[in-house]
Amino acid sequence: MTRDSHAKNTGFLRAHRLRAAGVACVVLSAALLTGCGQDSGSDSTTTKTSEAARAVPEATKSPSPSGSASPGRMTEDQQERKELISATKVTYDKAITTAEGAVKDSKLIDLELKGPGDTDDDESASPSPSPTGSPSPTGSATPGAGPQWVATVADKSGAKHKVRIDAVSGKVVSSNEDSDQDTSDKAKTVKRMAEAKQTPQQAAKAALAKKKGTVTSLDLDENDKDVLVWKTDVVTKDWKKTTFDIDASNGSITHEETDSD
-15 MTRDSHAKNT
-5 GFLRAHRLRA
5 AGVACVVLSA
15 ALLTGCGQDS
25 GSDSTTTKTS
35 EAARAVPEAT
45 KSPSPSGSAS
55 PGRMTEDQQE
65 RKELISATKV
75 TYDKAITTAE
85 GAVKDSKLID
95 LELKGPGDTD
105 DDESASPSPS
115 PTGSPSPTGS
125 ATPGAGPQWV
135 ATVADKSGAK
145 HKVRIDAVSG
155 KVVSSNEDSD
165 QDTSDKAKTV
175 KRMAEAKQTP
185 QQAAKAALAK
195 KKGTVTSLDL
205 DENDKDVLVW
215 KTDVVTKDWK
225 KTTFDIDASN
235 GSITHEETDS
245 D
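First residue of the sequence shown: -15, per the working numbering; consecutive thereafter.
Computed list of lysine-lysine pairs in DSS-like fashion (alpha-carbon distance at most 30 Å, straight line):
hint: 1; residue 1: K73; residue 2: K224
hint: 2; residue 1: K175; residue 2: K88
hint: 3; residue 1: K196; residue 2: K209
hint: 4; residue 1: K73; residue 2: K155
hint: 5; residue 1: K181; residue 2: K91
None of these hints come from the bench; they were simulated from the model.
In this text, all values refer to a predicted model and were calculated from it rather than measured experimentally.
Required output: the full structure, derived from the provided sequences and hints.
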């Protein structure tokens, strides 16, 4: 082999090696870029996963949609009862005495504690409101200004009278006879009063003996079985209301139901 041939072969080999090295660099660079891209994607995915993981505890903190009041929280009805009873200073028994004293020879047949703004379907607090909104001639409190005991008493003839009593001061706010009574209505009332051997005070005591609380309502009426009973509402310390049916002839409890609201 001549010197020229050797030189040519040497140059050829060097060029081949350089091309091979170049190809290797290209392949390595592509691999590095691909790896970086994958790492970047992994970082993005990891970030999104971490963010989602952090969001999960926040979702679990929200209360379950049970619809019931959580422990320590009251329903709207319970809150209203609490406010009404807390503002009342006159007890049911004193209200009964005051109502029966407002109408001669009368007996109580219905009593209910009502808050400001509560109205009756059958009558208003006064025969006709003053155009100017001024207080009544007696200077009594304006109906609806505070809690009131709304009582219905009946005289010996069976005529019913609506008596409203300020539940804070104990004073009579108004007393009006029911004008929508006929002879048969009065006769029915007289019959009921004669059949009721238990007084409203006795009925209330029977209910309180079963469940301690505050009496907010008494109503002499017939139940579903046409038995004359005193329907008595008692509100307990948790501000739930329980209604008792007290047999008006013997004082036994014939029914008991607690309002869950």
